[in-house]
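S.K.: Numbering (the numbering used here), first residue to last: 5 to 347.
Calculated directly from the structure, the hints in this document are not laboratory data.
For glycine and all other residues, C-beta sits at the position ideal for the given N, C-alpha and C.
It cannot be assumed that every hint is accurate.
Stated by the list, open to error - Here are the simulated DSS-like cross-link-like pairs (lysine-lysine), alpha carbons at most 25 Å apart as the crow flies:
(1) 36 x 101
(2) 55 x 36
(3) 274 x 236
(4) 9 x 217
(5) 35 x 62
(6) 101 x 51
(7) 60 x 48
Said to hold, decoys possible - Have a look at the derived ranges for each label pair, beta carbon to beta carbon:
(8) 187 x 94: 35 to 41 Å
(9) 138 x 336: 46 to 52 Å
(10) 328 x 153: 40 to 46 Å
(11) 143 x 328: 42 to 48 Å
(12) 52 x 324: 24 to 30 Å
(13) 89 x 320: 16 to 22 Å
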Amino acid sequence: MVAFKSEFSSISFLGVLCGDAILIRFFGNDKKYHNFLIDGGFVKTYKPTLKPALVKIKESGEKVDLVIGTHYDGDHIGGILAFINDNSFSPDDFVDKWMINFDLPLVDSAGTVSVQQLMTLKNKLSGSPRRFNEPILFSLSPYEFYGLSLTVLSPDAERYQAAQIEIERRSSLVASAGNDYQITIEEFSTIVMNESLEDASPANGSSIAFLLKAEDYSCLLLADAFPSVICKSIRSLEWDENRPLEVDSIKLSHHGSRGNISNELLAITKTLNYVISGNAVNTHNLPNKETIARILINGTRRKGECFNFYFTHRNNTLENMFSVDGESVFERYNFKIHFPESD
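Go ahead and model the full structure; you've got the sequences and the hints to work with.
M.R.: Quick look at the structure:
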């Protein structure tokens, strides 16, 4: 688990393999603590990882004020489905609001989550006064929750409609026979001068991504969203290369995939802290080292900045990602990597 804590808020990125599960706790302007859950990881990571965190909230006498399911891939929604079916919780009493785009087609995600399970979730929550009935799309107006604001950056109407029509198609863009960890950062320097081919998966394009602002903390939570959509939204909010959006941290899109980051995105956003929710042992070998190289080499990086990369998992593959670069790589490129104490 990776956690950032400040006086009034905390955000925890749970280790759920190559999946997303994020818990946010903050002290609201009503003088009470509130909890948000953003995605739930896989079904199989629910009991060992997400459930204990939810039990802790329950035992403290608090509830989950908002559950956000960013999209329907099993590495994001699986744990939410497991939670819904967990008899030790009563979602109607434990969860106040649900934010999920229910009218997108429901698809099987690599056998991890069945259409039947997704229909169960939809049937249980459809019509509930606790869920947002309108589609969750980019808007200049943020959602406000007890002093915390959520500005939706993705999906836009175009990507939302594309997902409705084509979500059953699966992109092989990021699939590969192996990882790219044997390529040095220096060797990436020519590659990252140009933009990578952007992710084309309609499911990922439908991701709910947003800018979160609490009293003393801000972050970009990008789900699996497309960088072109995020950039368009950020520019619409009047940030750009001359006035970049500065946040305390960025959760990189799609587990650090090279198809979900761009030089443009790095030019109009600024942070010293990047979170990567990938374990390197997955179908697409995510995260891609190219993504980290792009961040380190990017021409808009300010002189003297030391970047931090926080991984939600720890294993030999990730720990040795930069072995080929030599021991001085961290000093040469001025960055640090951080891992949880155990995987």
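S.K.: Run every hint past the structure and note whether it holds.
M.R.: Hints and how they fare:
1. Between residue 36 and residue 101 the alpha-carbon distance is near 17 Å, which keeps this suggested pair within the 25 Å criterion.
2. Proximity of residue 55 to residue 36 is assessed by CA-CA distance (about 23 Å); at most 25 Å being required, the pair is judged to hold.
3. Annotation: proposed proximity of residue 274 to residue 236 holds, straight-line Cα distance about 16 Å (limit 25 Å).
4. About 14 Å separates the Cα atoms of residue 9 and residue 217, which keeps this hinted pair within 25 Å; it holds.
5. As the CA atoms of residue 35 and residue 62 are separated by approximately 19 Å, the hinted pair is consistent with the 25 Å bound.
6. Restraint check: the Cα-Cα separation between residue 101 and residue 51 comes to about 22 Å, which is no more than 25 Å; the hinted pair holds.
7. Taken as a hint, the residue 60 and residue 48 pair is honoured in the structure, with Cα atoms around 19 Å apart against an allowance of 25 Å.
8. Look at residue 187 against residue 94: about 50 Å separates their beta carbons, and that is not inside 35 to 41 Å.
9. Between residue 138 and residue 336 the CB atoms are about 49 Å apart, so this pair conforms to the stated range of 46 to 52 Å.
10. For residue 328 paired with residue 153, a C-beta distance near 42 Å keeps the hint of 40 to 46 Å intact.
11. Checked against the hint of 42 to 48 Å, the C-beta distance between residue 143 and residue 328 comes to roughly 44 Å, which is consistent with it.
12. The hinted window of 24 to 30 Å between residue 52 and residue 324 holds, with their beta carbons roughly 25 Å apart.
13. Take residue 89 and residue 320: their Cβ atoms lie about 35 Å apart, and the range 16 to 22 Å is violated.
Checked against the numbered hints above, the structure violates hints 8 and 13; every other hint is satisfied.
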